[in-house]
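Asks: Sequence:
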Amino acid sequence: MSQPTTKLYTGAEIPLIAFGTYGGGDDAATLAGATRAALDAGYRHFDLAEVYGNQAELGQVFSKAIVDGVVKRSDLFITSKVWNTKHDPKHVEESCKKTLKDLQLDYLDLLLVHWPLSWKYTGEDLRVEGSSFPRDQDGNVITAPVPLHKTWAAFENLVDAGLVKHIGVSNFPSVLILDLLTYARIRPAVNQVERHPYLAQNSLLQFVKDNGIHLSAYTPLGRPGKIDNVHKEIIKEPVVEAIAKELKEQSGLDVNTGHVLLRWHIERDVSVLPKSSNPHRIKSNLHITSQIRLTEEQLKRIDNLDSGLRYNDLDLKTGTVRPGGRTIYEI
Numbered sequence: 001m002s003q004p005t006t007k008l009y010t011g012a013e014i015p016l017i018a019f020g021t022y023g024g025g026d027d028a029a030t031l032a033g034a035t036r037a038a039l040d041a042g043y044r045h046f047d048l049a050e051v052y053g054n055q056a057e058l059g060q061v062f063s064k065a066i067v068d069g070v071v072k073r074s075d076l077f078i079t080s081k082v083w084n085t086k087h088d089p090k091h092v093e094e095s096c097k098k099t100l101k102d103l104q105l106d107y108l109d110l111l112l113v114h115w116p117l118s119w120k121y122t123g124e125d126l127r128v129e130g131s132s133f134p135r136d137q138d139g140n141v142i143t144a145p146v147p148l149h150k151t152w153a154a155f156e157n158l159v160d161a162g163l164v165k166h167i168g169v170s171n172f173p174s175v176l177i178l179d180l181l182t183y184a185r186i187r188p189a190v191n192q193v194e195r196h197p198y199l200a201q202n203s204l205l206q207f208v209k210d211n212g213i214h215l216s217a218y219t220p221l222g223r224p225g226k227i228d229n230v231h232k233e234i235i236k237e238p239v240v241e242a243i244a245k246e247l248k249e250q251s252g253l254d255v256n257t258g259h260v261l262l263r264w265h266i267e268r269d270v271s272v273l274p275k276s277s278n279p280h281r282i283k284s285n286l287h288i289t290s291q292i293r294l295t296e297e298q299l300k301r302i303d304n305l306d307s308g309l310r311y312n313d314l315d316l317k318t319g320t321v322r323p324g325g326r327t328i329y330e331i
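Its first residue numbered 1, the sequence shown is counted upward by one per residue in UniProt numbering.
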């Protein structure tokens with residue numbers, strides 16, 4: 001089965017369907033099992049982050065899969081991220097080396113600045129309670145005076161050292177990328193952001209394309225549960241349900257709304273990071289999404305759902321996710 005891929009500005013290929021490893025409510029053992037199921041199903045692009053607290057467990061999965069002959073290291077595209085408390089150059093290197101040690105790898109294919117926010121350093125191990133979100137007695141996040149240009153220079157040094165193949169950013173609005181491009185010696189290869197039909201981010205998508213940067217989408221299927229009195233769950237939108245029915249009849253495949261939404265991103269050359277602990281869903285997200293195609297008319301019907309709804313808005317004052325508060329997207 002051929003998988004959809006695209007090329008980064010370096011010429012390297014990146015698979016457009018990745019497996020997301022943010023744990024959510026899953027324990028490390030469940031996530032490790034799901035990751036092995038993803039490897040067995042054919043996934044080769046995996047999205048990780050130090051702050052997720054599960055890289056050591058996932059490293060065991062990757063190591064065993066390589067030893068078992070399921071996959072070669074050269075066939076994998078492994079992404080990780082440096083958390084907000086480690087923006088100081090010496091901590092950037094520390095974070096990268098810890099990630100490589102936990103994952104039992106010699107290099108990363110892509111390393112991202114997780115958020116364009118610098119917080120107080122809390123130590124090497126982010127799994128220690130309270131270390132990921134340093135707060136003062138009033139509950140406000142404690143920032144650190146580390147400018148992004150110093151953090152980025154440290155990322156560039158990791159490429160020079162052969163520890164990382166590509167570097168990029170996450171949750172960056174276009175204005176910050178525009179500034180970064182004025183001083184970057186090595187340009188960002190990727191900007192990973194929240195994207196789904198309620199938040200299409202078409203202006204940002206066009207901006208990064210114009211600058212040779214690939215866009216990657218987390219929360220590509222939205223989030224389950226009622227959001228407000230206006231928005232349904234995206235996977236339950238009548239428009240998406242109707243398109244899934246059309247594609248199911250045309251293709252003879254068991255197409256569902258999740259496959260339609262993932263394909264909507266891929267048709268725009270955006271990589272997606274779906275996560276699941278269900279082996280059947282893990283496999284179908286890759287196999288069925290790779291086989292279906294959306295027409296321009298179907299794409300436009302989904303495009304019309306865009307309403308600017310953001311699920312993951314990090315509050316600048318408290319470091320918590322919305323609702324409420326002033327965020328990086330409002331300044």
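Derived by calculation from the structure, the hints in this document are not laboratory data. By construction, the Cβ of each residue, glycine as well, lies at the ideal position given by its N, Cα and C atoms. Among the hints, a few may not be true.
Cβ pair distances, simulated, as ranges [what the hints assert, rightly or not]:
#1 297 x 6: 40 to 50 Å
#2 94 x 22: 50 to 60 Å
#3 69 x 178: 41 to 51 Å
Here are the simulated lysine-lysine pairs, DSSO-like style, with alpha carbons at most 27 Å apart [stated by the list, open to error]:
#4 248 x 317
#5 232 x 245
#6 283 x 72
#7 209 x 248
#8 97 x 120
#9 64 x 209
#10 90 x 165
#11 90 x 72
#12 120 x 300
#13 101 x 150
#14 209 x 165
#15 245 x 283
#16 165 x 97
#17 209 x 120
#18 72 x 165
#19 283 x 248
#20 64 x 98
#21 120 x 150
#22 90 x 150
#23 245 x 300
Asks: The structure should be examined with respect to each hint, and the outcome stated for every one.
Replies: Taking the hints in turn, this is what the structure says about them:
1. 297 x 6: 40 to 50 Å: violated (23 Å)
2. 94 x 22: 50 to 60 Å: violated (22 Å)
3. 69 x 178: 41 to 51 Å: holds (45 Å)
4. 248 x 317: violated (47 Å)
5. 232 x 245: The hint holds at about 18 Å.
6. 283 x 72: holds (20 Å)
7. 209 x 248: violated (32 Å)
8. 97 x 120: Holds: residue 97 and residue 120 sit about 20 Å apart, inside 27 Å.
9. 64 x 209: Answer violated: residue 64 to residue 209 is near 37 Å, above 27 Å.
10. 90 x 165: holds (19 Å)
11. 90 x 72: Violated, at about 31 Å.
12. 120 x 300: Violated, at roughly 44 Å.
13. 101 x 150: Cα-Cα ~24 Å, so holds.
14. 209 x 165: holds (20 Å)
15. 245 x 283: Holds, at roughly 20 Å.
16. 165 x 97: holds (14 Å)
17. 209 x 120: violated (33 Å)
18. 72 x 165: Within the cut-off at roughly 17 Å; holds.
19. 283 x 248: holds (17 Å)
20. 64 x 98: Holds, because 19 Å separates the two Cα atoms, which is no more than 27 Å.
21. 120 x 150: Holds, at about 15 Å.
22. 90 x 150: holds (10 Å)
23. 245 x 300: holds (17 Å)
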